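Number of protein chains: 2
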Amino acid sequence: MDASRTSGGQFLDPSHFLQLQFAMSEKSGDAVDLGHHLSELAKRRKLSPLKGLQKITPKPGMVMLASGTPNPGYFPFERISVEALGPDAFAAAATTVNTTGFSWLRSLFNRTRTTHFAIPRYPAAKGDASLAEALQYGPATGLKMTQEFIRKFVERVYAPAYNNWTTLVDVGNTEGWSRCVLTFCNPGDVFLTDEWTYPSALALADPYQVSPVPVTMDAEGMSISALRELLASWDENARGTGRPHVLYTVSVGQNPCGMTTSLDRKKAIYEVCVEYDILIIEDDPYYFLQEGTYVRKSDRQGSRTLGGDDFIRSLTPSYLSVDYQGRVIRLETFSKVVAPGSRLGFFVCNSLFAERLERCGETATHSPSGFTQGLVVQLLANHWGIDNYLIWLQGLRTQYTARRDTIVDSLLENFEVSMAYSDGSSYLRGLPVYSCFPHAKSSLSRSRNGKQIGRVLSVVPPTAGLFLWVTLHFDALPPPQPSGNPDDPNDHETRLWLRIADAGVLVGPGTFFAAIPSAANPNEGHYRIAFSDAPLETLAEAMSTFSVVVHMYFEEMLTA
Amino acid sequence: MDASRTSGGQFLDPSHFLQLQFAMSEKSGDAVDLGHHLSELAKRRKLSPLKGLQKITPKPGMVMLASGTPNPGYFPFERISVEALGPDAFAAAATTVNTTGFSWLRSLFNRTRTTHFAIPRYPAAKGDASLAEALQYGPATGLKMTQEFIRKFVERVYAPAYNNWTTLVDVGNTEGWSRCVLTFCNPGDVFLTDEWTYPSALALADPYQVSPVPVTMDAEGMSISALRELLASWDENARGTGRPHVLYTVSVGQNPCGMTTSLDRKKAIYEVCVEYDILIIEDDPYYFLQEGTYVRKSDRQGSRTLGGDDFIRSLTPSYLSVDYQGRVIRLETFSKVVAPGSRLGFFVCNSLFAERLERCGETATHSPSGFTQGLVVQLLANHWGIDNYLIWLQGLRTQYTARRDTIVDSLLENFEVSMAYSDGSSYLRGLPVYSCFPHAKSSLSRSRNGKQIGRVLSVVPPTAGLFLWVTLHFDALPPPQPSGNPDDPNDHETRLWLRIADAGVLVGPGTFFAAIPSAANPNEGHYRIAFSDAPLETLAEAMSTFSVVVHMYFEEMLTA
Numbered sequence: 001m002d003a004s005r006t007s008g009g010q011f012l013d014p015s016h017f018l019q020l021q022f023a024m025s026e027k028s029g030d031a032v033d034l035g036h037h038l039s040e041l042a043k044r045r046k047l048s049p050l051k052g053l054q055k056i057t058p059k060p061g062m063v064m065l066a067s068g069t070p071n072p073g074y075f076p077f078e079r080i081s082v083e084a085l086g087p088d089a090f091a092a093a094a095t096t097v098n099t100t101g102f103s104w105l106r107s108l109f110n111r112t113r114t115t116h117f118a119i120p121r122y123p124a125a126k127g128d129a130s131l132a133e134a135l136q137y138g139p140a141t142g143l144k145m146t147q148e149f150i151r152k153f154v155e156r157v158y159a160p161a162y163n164n165w166t167t168l169v170d171v172g173n174t175e176g177w178s179r180c181v182l183t184f185c186n187p188g189d190v191f192l193t194d195e196w197t198y199p200s201a202l203a204l205a206d207p208y209q210v211s212p213v214p215v216t217m218d219a220e221g222m223s224i225s226a227l228r229e230l231l232a233s234w235d236e237n238a239r240g241t242g243r244p245h246v247l248y249t250v251s252v253g254q255n256p257c258g259m260t261t262s263l264d265r266k267k268a269i270y271e272v273c274v275e276y277d278i279l280i281i282e283d284d285p286y287y288f289l290q291e292g293t294y295v296r297k298s299d300r301q302g303s304r305t306l307g308g309d310d311f312i313r314s315l316t317p318s319y320l321s322v323d324y325q326g327r328v329i330r331l332e333t334f335s336k337v338v339a340p341g342s343r344l345g346f347f348v349c350n351s352l353f354a355e356r357l358e359r360c361g362e363t364a365t366h367s368p369s370g371f372t373q374g375l376v377v378q379l380l381a382n383h384w385g386i387d388n389y390l391i392w393l394q395g396l397r398t399q400y401t402a403r404r405d406t407i408v409d410s411l412l413e414n415f416e417v418s419m420a421y422s423d424g425s426s427y428l429r430g431l432p433v434y435s436c437f438p439h440a441k442s443s444l445s446r447s448r449n450g451k452q453i454g455r456v457l458s459v460v461p462p463t464a465g466l467f468l469w470v471t472l473h474f475d476a477l478p479p480p481q482p483s484g485n486p487d488d489p490n491d492h493e494t495r496l497w498l499r500i501a502d503a504g505v506l507v508g509p510g511t512f513f514a515a516i517p518s519a520a521n522p523n524e525g526h527y528r529i530a531f532s533d534a535p536l537e538t539l540a541e542a543m544s545t546f547s548v549v550v551h552m553y554f555e556e557m558l559t560a
Numbered sequence: 001m002d003a004s005r006t007s008g009g010q011f012l013d014p015s016h017f018l019q020l021q022f023a024m025s026e027k028s029g030d031a032v033d034l035g036h037h038l039s040e041l042a043k044r045r046k047l048s049p050l051k052g053l054q055k056i057t058p059k060p061g062m063v064m065l066a067s068g069t070p071n072p073g074y075f076p077f078e079r080i081s082v083e084a085l086g087p088d089a090f091a092a093a094a095t096t097v098n099t100t101g102f103s104w105l106r107s108l109f110n111r112t113r114t115t116h117f118a119i120p121r122y123p124a125a126k127g128d129a130s131l132a133e134a135l136q137y138g139p140a141t142g143l144k145m146t147q148e149f150i151r152k153f154v155e156r157v158y159a160p161a162y163n164n165w166t167t168l169v170d171v172g173n174t175e176g177w178s179r180c181v182l183t184f185c186n187p188g189d190v191f192l193t194d195e196w197t198y199p200s201a202l203a204l205a206d207p208y209q210v211s212p213v214p215v216t217m218d219a220e221g222m223s224i225s226a227l228r229e230l231l232a233s234w235d236e237n238a239r240g241t242g243r244p245h246v247l248y249t250v251s252v253g254q255n256p257c258g259m260t261t262s263l264d265r266k267k268a269i270y271e272v273c274v275e276y277d278i279l280i281i282e283d284d285p286y287y288f289l290q291e292g293t294y295v296r297k298s299d300r301q302g303s304r305t306l307g308g309d310d311f312i313r314s315l316t317p318s319y320l321s322v323d324y325q326g327r328v329i330r331l332e333t334f335s336k337v338v339a340p341g342s343r344l345g346f347f348v349c350n351s352l353f354a355e356r357l358e359r360c361g362e363t364a365t366h367s368p369s370g371f372t373q374g375l376v377v378q379l380l381a382n383h384w385g386i387d388n389y390l391i392w393l394q395g396l397r398t399q400y401t402a403r404r405d406t407i408v409d410s411l412l413e414n415f416e417v418s419m420a421y422s423d424g425s426s427y428l429r430g431l432p433v434y435s436c437f438p439h440a441k442s443s444l445s446r447s448r449n450g451k452q453i454g455r456v457l458s459v460v461p462p463t464a465g466l467f468l469w470v471t472l473h474f475d476a477l478p479p480p481q482p483s484g485n486p487d488d489p490n491d492h493e494t495r496l497w498l499r500i501a502d503a504g505v506l507v508g509p510g511t512f513f514a515a516i517p518s519a520a521n522p523n524e525g526h527y528r529i530a531f532s533d534a535p536l537e538t539l540a541e542a543m544s545t546f547s548v549v550v551h552m553y554f555e556e557m558l559t560a
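Residue numbers (the UniProt record's numbering), protein chains in the order written: chain A, 1 to 560; chain B, 1 to 560.
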């Protein structure tokens, strides 16, 4: 065990600090002008004509009869009161949330504090939060308190590497990426992405005739050499389109594969992007859920709560920390760290892009919900404060680490396991891979028809996020026989997936996540398994069921 | 006075009921297929690949590990409690909201009931609202309780004239119209709109290269003959684009002019739209704020609270009630009847369009805020119920009627007034117009330089909504003299607007609302004056200030 491991399974690599300090010392000035990346649509957007009213500087006592704001006395809500968990609700690693039976009740008693607050219709004192303000029409940039909180948080946590960075609210990362596609891509454009990627990101871009170009992955996500080769050898005529100028990546807790791109790798990818003039869209919902390298149960040590700045330093930094030119657009959301129903997120990017992204939003969503802004920002900014919010985030990381450990432990327990660093040519290259062979007690464990049964599946435990990515190895199996019904699936991945569902466990089939589904290797199958929701014991049972069905499927296929 | 006037200044025209019944008896079947109206973009949208999971019907007890929903135990919110006004808070016409001084406190005592409720983390009983559900990822169609409430409300209030109408949530009418532009218009398309219209609707469409074609207005909004002539004489070559197939209109409380399109007119426009195969986008935020025909103070009678169905019948019906083919897309919002910060609205349209509009939304906003859905729908659906919500809406109408009456009264008091039905060629044609001449006590009231001073301004009191539209007549004035500074405005409308602002009253300049600003008549100026927010006495004072400045400006121009 590395002695520097201190929290939530996360390794604190001292070289990170040096690199981060170096990156930050490069903070030399403002963003460079990247206006040529704007789409034709983005360039055509004008200021709303009603903004012309801003020519007039309101004087004290001015009667404002220009816009149709209802009198806040007409809002039916008088007062909204909140009872919330304390920020240290999950700080103790021993407390794991469980929604079944009494275990939830039990966990109530482990909490040290509860946060109470209320938002009245009118502010109790000048500057206080009020429903009159939160529920009124507000700026597309969000309420003042939202803006201030986000700005302070970004400054503290990411310390962007140039001066005039800007933040802008949106209604979550899906909407954030949607604005990016409209603002940076013209029809016919292509964008770089990981070879396994978030399918909704592709589905969103597709109708705008903006398509993905997958980049080969390795242990740390996108491969530098693959990226460089792809760009250097780009043939505009053969490809039918110019070289991509946008890179979309989930670099922390990669979706679906779960790996995290190191600071070194980020710096190297950033330099390629500088060389080829590419924007980086960093979709980063799992940043604070960095669970670190998986350690087998027998070798695992406890974690302890870190101070806010130590917690920040324990996290692999964002692309923002190396972005000295302002070519990163970070998408962050409260969905995974507060609640998905918040529909609140934000951009961090250069001010020129922020202005265009604001124009894009003001004529669509207008602004995030005032209920959300009032309740979420009041809780985080005014009742917890950033230091306590960092304790909350650290508590969540502890929770997700326990979940990641449980699901990986449970899967490995059901197989004979060997760990090695893969030298394969796939995205696994260089990763610590747990190869899973049939369980010794299973009839599969013997050789069959004179053929030795090799590994059935392999797994690379995630280092962040919500998902376990499992690779099935179907090499030993005969090709699936057609059932006679053309509606039936004719590949092992889908057939096995349906069997697992039949046994009561629904996982995500791997093909959903392929940037180019037709490029998938038919001898491999994948499943994305979310460990974010079910109680720990259910996760363990589900992995046992999963493993039994995998054993049975292989047995049946080899017997047939 | 017409004896049928019963509530909130609204005339109940018995022929409306017959027409409505006739329209409803035409409800003969399902929507016709209007799929050819979809834009190329809309046709390209695919089902999200993750929806493929829906192939699997979840069984009881199935462990769901396919999607990354966080465990609701990780949401920091334990319980949100609400204190709200009772639904009858504004039912008595005498109660008017006032945010200054003690008048607001006073109005507290007029309320008969307060509504209290709380949403806990977990449902108290099966089917109850909970934060666990509201704050989780939810369907793009909204929470089940939201869907049910909206469907019941639409059925009760609008009774759409075909069977398979569908409702779909959005985050307000701006976003609703944004989805319509993307779903029905290709770049280069034009759409029909009122000659004076909501500028943000144009600003939204403009960067998509979708532009307005203004239709002349009269007393009831869009003129049938002008619409028919425009379409019949459409010259594709001269116009450079095909005949418009989308009509955008705010037909109740027209923004900015304030008139309301009658059911007869709606039926006639609808028939033109059937003939020319045009979709009607009905942007209708002010539907429940139908203040009816303005009656001068001396002739005014009190209003009384109607039962829910009588209230519904007192409202000029929506285009939905004549839409037997499914070519109306209604946009409705909670912004003006609950609070703008809700960012919650909905479509009512045919099911084919609803499906495409859902696809458009699911890859952008995803769904409205769960805080909003939880709090707003719990209040309206479960704690008030539709009957009480109708009382709330009627109370708001009473409030806005009092506001409309106050602002018009105050304006007219400051001039010598004559009322007549206009026979002008402008949008005023056929309307009861109040012509305002200089006040008898003003030095302006005399003839000047041998020239008789005619009407200074005219006003057509709005019948619904939040805005008073005032027309200034500059005919008698010499053209504005250039100031020498090229940045200074060189038209009377802007110069007078700045003077009014200088005197402490900010109104909206008319040019902002012209569908084609360059087409405006230089001898006329307009201001849109919002009466939705300021206390009644402030509205009265502001109109006095406004009138003084108008008198002074004319005086000065005629003396110079």
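Where hints are given, some of them may not hold.
[Stated by the list, open to error] Below are the DSS-like pairs computed for lysine-lysine, each with C-alpha atoms no more than 30 angstroms apart in a straight line: (1) B:K441 x B:K297; (2) B:K43 x B:K144; (3) A:K144 x A:K43; (4) A:K43 x B:K43; (5) B:K126 x A:K46; (6) A:K59 x A:K43; (7) B:K46 x A:K43; (8) A:K46 x A:K126; (9) A:K297 x A:K267.
No wet-lab data here; the hints were simulated from the structure.
The model shown is predicted, which means the values in this text are computed figures rather than measured ones.
Hints, verified against the model:
About 21 angstroms separates the Cα atoms of K441 (chain B) and K297 (chain B), which keeps this hinted pair within 30 angstroms; it holds. For a cut-off of 30 angstroms, the pair hint linking K43 (chain B) to K144 (chain B) stands: about 27 angstroms separates their Cα positions. Between K144 (chain A) and K43 (chain A) the alpha-carbon distance is near 27 angstroms, which keeps this suggested pair within the 30 angstroms criterion. A threshold of 30 angstroms between alpha carbons decides the hint, and for K43 (chain A) with K43 (chain B) the separation of about 25 angstroms falls inside it, so the pair holds.
Using a Cα cut-off of 30 angstroms, the hinted pair K126 (chain B) and K46 (chain A) is violated, with the two alpha carbons roughly 49 angstroms apart. Distance restraint check for K59 (chain A) and K43 (chain A): the Cα-Cα separation of roughly 34 angstroms exceeds the 30 angstroms cut-off, and the hinted pair is therefore not satisfied. For the proposed pair K46 (chain B) and K43 (chain A), the alpha carbon gap of about 27 angstroms is at most 30 angstroms, so the pair holds. With a CA separation close to 35 angstroms, the supplied pair K46 (chain A) and K126 (chain A) exceeds the 30 angstroms bound.
Restraint check for K297 (chain A) and K267 (chain A): the C-alpha separation of about 33 angstroms exceeds 30 angstroms, so the hint is violated.
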